[in-house]
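Using the hints provided, position chain B with the ligands relative to the given structure of chain A.
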Amino acid sequence: MEYSIVPAREIFRHFSVLSIGIFYLTALISVGIFAYGVWLRVAKYRGGRAVAQHGLTWARVRETALVVLSHSKLRKRNALAGWAHVLIFFGFLTLLAGTITIWIDHDVLGLFGIHFWKGVFYLWFSATLDLMGLALLVGLAIMAARRWSTQPQFDYSRADRKAGTYSRLGYVRDDTIFLAILFLIGATGFVTEALRILADRPDFEVWSFVGWQLANGLSAVGLSRADANQLHFYCWWLHAILVFTFIAYIPYSKAIHILVDSANLLVRDPVAGKRLPAISEDVAGLGYQRLEDLTWKDRLNLDACTKCGRCHVACPARAGGWQLSPRDVILDLREQAEAKLGGGSLLHETSLAHDGSAGGGLIKPEVLWACTTCMACMEACPVGIEHVPLIVQMRRNLVEQGVMEPNLQKTLEKIGSSGNSFGEAAQNRAKWTQALPFRIKDARKEPVEYLWFVGDYASFDPGLQEITRSVARILHRTGVDFGILYEAEQNSGNDVRRVGEEGLFQMLIENNLAALGQARFKEIITTDPHTYNTLKFEYPEFGGEYRVRHYTELLAELIESGRIPISHPLDAIATYHDPCNLSRYTEVTDAPRAIMQAIGIKLIEMPRNRSNSFCCGAGGGRIWMASPGSEERPSHQRMREALELPDVKYFVVACPKDVVMFREAAAAVQGAGHIQVKEMIELVEMAISETVPALS
Amino acid sequence: MKIITFVKHVPSSGATPRIAVTKRGIEEEGLAYEANETDLYAIEEALYQRFVHQGTVTAVTIGPRRAQAALHVAYAKGVDHGIHVLTEGSHGTDTALNVAAAAEVVKKQGFDLIFTGIQADDDLQGLFGIALAEHLGIPVISAVTQVNVSADKKTAVVTRELGGGYKEEFEVDLPCLCTVQFGIRPVRYSSIMAIVKARSRKIESMSLEAMKIASRQASRMSIAELSYPENSGQCQMLDGAPAEAVRTLVANLVEKGVI
Ligand code: SF4
Ligand code: SF4
Chain A
1 MEYSIVPARE IFRHFSVLSI GIFYLTALIS VGIFAYGVWL RVAKYRGGRA VAQHGLTWAR
61 VRETALVVLS HSKLRKRNAL AGWAHVLIFF GFLTLLAGTI TIWIDHDVLG LFGIHFWKGV
121 FYLWFSATLD LMGLALLVGL AIMAARRWST QPQFDYSRAD RKAGTYSRLG YVRDDTIFLA
181 ILFLIGATGF VTEALRILAD RPDFEVWSFV GWQLANGLSA VGLSRADANQ LHFYCWWLHA
241 ILVFTFIAYI PYSKAIHILV DSANLLVRDP VAGKRLPAIS EDVAGLGYQR LEDLTWKDRL
301 NLDACTKCGR CHVACPARAG GWQLSPRDVI LDLREQAEAK LGGGSLLHET SLAHDGSAGG
361 GLIKPEVLWA CTTCMACMEA CPVGIEHVPL IVQMRRNLVE QGVMEPNLQK TLEKIGSSGN
421 SFGEAAQNRA KWTQALPFRI KDARKEPVEY LWFVGDYASF DPGLQEITRS VARILHRTGV
481 DFGILYEAEQ NSGNDVRRVG EEGLFQMLIE NNLAALGQAR FKEIITTDPH TYNTLKFEYP
541 EFGGEYRVRH YTELLAELIE SGRIPISHPL DAIATYHDPC NLSRYTEVTD APRAIMQAIG
601 IKLIEMPRNR SNSFCCGAGG GRIWMASPGS EERPSHQRMR EALELPDVKY FVVACPKDVV
661 MFREAAAAVQ GAGHIQVKEM IELVEMAISE TVPALS
Chain B
1 MKIITFVKHV PSSGATPRIA VTKRGIEEEG LAYEANETDL YAIEEALYQR FVHQGTVTAV
61 TIGPRRAQAA LHVAYAKGVD HGIHVLTEGS HGTDTALNVA AAAEVVKKQG FDLIFTGIQA
121 DDDLQGLFGI ALAEHLGIPV ISAVTQVNVS ADKKTAVVTR ELGGGYKEEF EVDLPCLCTV
181 QFGIRPVRYS SIMAIVKARS RKIESMSLEA MKIASRQASR MSIAELSYPE NSGQCQMLDG
241 APAEAVRTLV ANLVEKGVI
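Residue numbers (full-length UniProt numbering), protein chains in the order written: chain A, 1 to 696; chain B, 1 to 259.
Read the hints as simulated data drawn from the structure, not as lab findings. Among the clues, some could well be false.
Unchecked claim - Straight-line distance between alpha carbons at most 27 angstroms, and here's what the computed DSS-like set of lysine-lysine pairs gives: (1) 197(B) / 410(A); (2) 197(B) / 414(A); (3) 197(B) / 23(B); (4) 2(B) / 202(B).
What the hints assert, rightly or not - Pulled from the structure, derived: some chain A residues nowhere near chain B, Cβ distances all over 12 angstroms: (5) 105; (6) 146; (7) 245; (8) 279; (9) 313; (10) 415; (11) 440.
For every residue, glycine included, the Cβ atom is placed at its ideal position computed from N, Cα and C.
So here's chain A without its partners, still in its complex pose (with noise of 0.2 angstroms):
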C-alpha cells in the first residue's frame, strides 16, 4: 500500500458510494430526529407564562460560560464528581470538535478542494482526540462506580410516597443508558482507530497514542493486519451507529442536560429566592396551581434536573423525616409537565398504585409545607435550578384555599390583626425597652444615624429580651446614634411571604413603609437575619430603598476601629452556626468570625459552615407549625455535628431564632449538657464587661 508522507486518513476508507450514500443518510434521519425532540421541548417552554425578568446580560453569558469551563458549582459539594464531570465535559467537547473539525475539512472547504486536517496539524489534531477522548472513559468510568455506589442521592428513593407504589427503573435505566452509550463511543472509537492502525501502520500515527498502543495489543493477541483491515469497517459502523443513536437519544433522555442546562443557567435569576416573584396578573389564582401557571422558565428548571441528589441530601426537611425532597418536587412537576405538555424523555418514573393526595394542587401540602426555604438547594444544585421561589408559588395557592396547619393560620391571623406574630398589642412592642437604665430615641420624631428594625422575636420573646438589650446596651455604651420604630414597627414579612401570605406580606411591607417614612435615618441595621433579607432584596421594590445591614456588620467594624475596645478577650472554643438568611441569603459570613477572632474565640468549624451552613428549622414559617417529620429534628441533628467537635463550649449563632432552636436542641440532645447556646452579642458584652457593664 502506498501511502502519501504528509500526515493524514481517509474519512471513508475503503468504502463503496453506497455505503457513503448510507452513511448520511442515516446522519440526516438521526440529526432529523434529534431536531424533532428539541423542537417538542422548545415548543413545551414556549407555551409557558412570560417571564418578567430572566436577568439575561452579557455579564450573566460571561459568568455562566465561567461558571460552566470551571465547573465551579459541579465541583463544590462533591469534589470527585465535579472532576469526574470535568473529565467527561472536556472529553466529549473535544471529541464534538474534533467531529466537526473533520467535517468542515471533509464536508464544507473539500467541496473546494482545499484540505487542513493534514500534516503537523493532523497530528496534533490525533493526539489531543486521543488524550480526551481517554478523559471521556476515565470520567465515565468513575460516574457509574459512583452511580452504582450505595449513596443515598442514587437509590431515587422518594420522600413523599410509600416505597412500592411507584417505580424509578427508569430513572435508572436512562442513567444506565446515557453512560453505557457514551463509553461505548469511546471504546470503539479507538477501536476503530487501532484496527486501521494495525491494518495500515502509517509511522505517523504514534501521534494516536491510545491507538497506536492498542494496536499493538492487539497485534500481540495475534491479530493478523488483514483481519483488521476487514473487521475495521464494521466496527467502524458500529461507532458510526452508536453515534448516530446517541443524537438521536440527546432529547429524549437526560443527555438533553448538555444543552437545556447551559440555558437553565445563563437565564437564572441572581436573586432567586431571596427577592421572591411578585403575585402575576395573568394567573387565575394568587400562586401555582395547574402546570399552565408555571413560566417557561419554570418548565425549563424542571428538564434541567440531572437527577444529581445535591439538594435532596442538603435539604433539612429531607433529613429530618418530612415529606418534601426538592429533588423530588422538581422531578414530580417535570413527570406531570412531560405527561400533559409532551417534550420529554422516554423513560419516566411508573405509578404502580394510586396515592394522588395532592388536593387539587400540584404538589401535596405536606411537601409543600416541609420547606424552612433554606436555600440550601439551590446553594447545592449545580444547574441553577430554583426551588424555593416553584415551592413558595405552590403555597401561595395553598394559602388562598386555606389549606395549613392550625398553627400557621393562628400565627397568620395574629400577624393580620396585630402586625406580629405574637398577637400582642403594638403598644407593647418596645416593652422591652424599659428595662434599660436609658432611653432610645425613638426615629420617627429626631433623626438618627442607625435605625435599628429590631423584629417580632428579639421584641416579644421573653427568653430574648435580655439579649435584645445587649443590643441596645453596647450600641448606647459605644455612642452609635441608633432609635427605633416603637409601636409602628411590625414584622418584616420575610416569612409571612415565605410562607405563601401574599397579602398579608404586603399589608406589612405598606405599613412598615409608611413607620420609614416618617423616620429620618441614614441606614438601617437589623438583629434578625430574616428581616434583614426582606429589607434589603424584597423591600426596593416597594419603594423601600435603604441601606441595610447586620449588626455583626456594623460590630465588626466598631471592634475594628477600635470604637468597641475588647478588655477581657474570652479565650474559649466556639463553633459558629451561620444562620441560612446570613449565609445564603445576604451572604454575610466574615463579620461574625472577625466579631470571634477579635473577642478571643478560638473558632472551630463544623463540617456544613458558610453557604453550606445546615438550617435549624425554622425558617420559611415553619417556626409556627407543628407537623413533626419523622426523623430527628434538624436543629437536634446540628447540635450533634457541633458535638463531634473537641472541647467546644460555645455553639454561636446570630439570629434570634436560632437561639430559640438551639437553646431547646442542647437541652434535648444527649451529652450536649457543656454546649452554651450563645448569640454572638452576648459573648461580645462578656468581652468587654469591665468597659461596658451589664446594667439591666
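Quick look at chain B with the ligands alone, frame taken from chain A:
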C-alpha cells in the same frame, strides 16, 4: 337550599378595651374589630351545607358602617350575598332591635336554614339566635355540633352538645335555626388578598327606617354600668432548680392551708 347566616363585627380580643366615662359602653377609639369567631363557624357550616345540597348562602350583619368589614370576611370565605343592616346608634348589643331587623331581612329573603354563632365574643349574651327563632316562630337548636339535612330538604338531624361531653340528637323540620358551637368544622384561613378582593363585592344595604323599625323602639333594657375585671387571684413565679422550686411550692401551699 337557602341558608342565611348572621355575622357580628366585634372588637378583637388583642387589645384591652377601656370603659367609657359614662360607664355604659367602651371607648371606640383605638379598638380593632374582627368578625365574631363563632359566626365564622356558622358560615363554614353554611358553606358546607351549600356544598352538599347546593343553594345559596347569604351573610347578614347588623351594625354601624364599619361592620361591613365582617361581610368582606364572609365574602372571602365564599358566601353568595352580603346584606348590611345599618344601625348607627346601637353598637350591636341591643338584641331586641337586632331581632326585629333580622326578622325583616329573613322574611324578605326567604330561607330554609339560619345559622348563627352561639354567642358574640363581646357581650357573650347568646340571645340573638334564640330570640330570632322565637320571633319567627321556627324551631331553634343551640350549641349545634353537627347538621345533616335530609335528601328532600324537609327535615334535618341535628346534634348538639351537652355538658360532660354528652350529645343530644334532634330531628327537626325545616326551616329552622341553629346556633353553632365552636369547632363545628375548621374555619379555613382567609387570605388578605381574598379579603381585599371581597371589598369590591356588592353589599346590599338596608336601613332601619326602610324596614320601619325605630331604633331602640323595642328595647326595654339599658346598661347601667360596666366595670373592669377585678384581680381575684395572684400569681407567683417560682425560680430555681426543679427540686428547690417544688420545696418552695409545698411550703407555700402548707402556709396557705391548702395542704
Ligand atoms: S429550601 Fe431548604 S427545606 Fe426547602 S426544599 Fe430547599 S433545602 Fe429543603
Ligand atoms: S435539582 Fe439540582 S441539585 Fe437537585 S437533583 Fe436536580 S440537578 Fe441535582
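Hints versus structure:
For the hint linking residue 197(B) to residue 410(A), the alpha-carbon distance of about 21 angstroms falls within 27 angstroms, and the restraint holds. Pair hint residue 197(B) plus residue 414(A) holds up; C-alpha atoms about 20 angstroms apart against a cutoff of 27 angstroms. With a CA separation close to 39 angstroms, the supplied pair residue 197(B) and residue 23(B) exceeds the 27 angstroms bound. About 19 angstroms separates the Cα atoms of residue 2(B) and residue 202(B), which keeps this hinted pair within 27 angstroms; it holds.
For residue 105(A), the condition that its CB be more than 12 angstroms from all CB atoms of chain B holds, with the nearest at approximately 63 angstroms. The beta carbon of residue 146(A) sits about 45 angstroms from the closest Cβ of chain B, which is more than 12 angstroms, so the claim that it is off the interface holds. With a cut of 12 angstroms on Cβ distances, residue 245(A) stays outside the contact zone with chain B, its closest approach being about 52 angstroms. The non-interface label for residue 279(A) is inconsistent with chain B: the shortest C-beta to C-beta separation is roughly 8 angstroms, within 12 angstroms.
Look at residue 313(A): its CB is around 33 angstroms from the nearest CB on chain B, clear of 12 angstroms, so calling it non-interface holds up. Residue-level check failed: residue 415(A) sits 10 angstroms from the nearest beta carbon of chain B, not beyond 12 angstroms. Distance check for residue 440(A) against chain B: the nearest CB is about 23 angstroms away, which clears 12 angstroms, and the non-interface claim stands.
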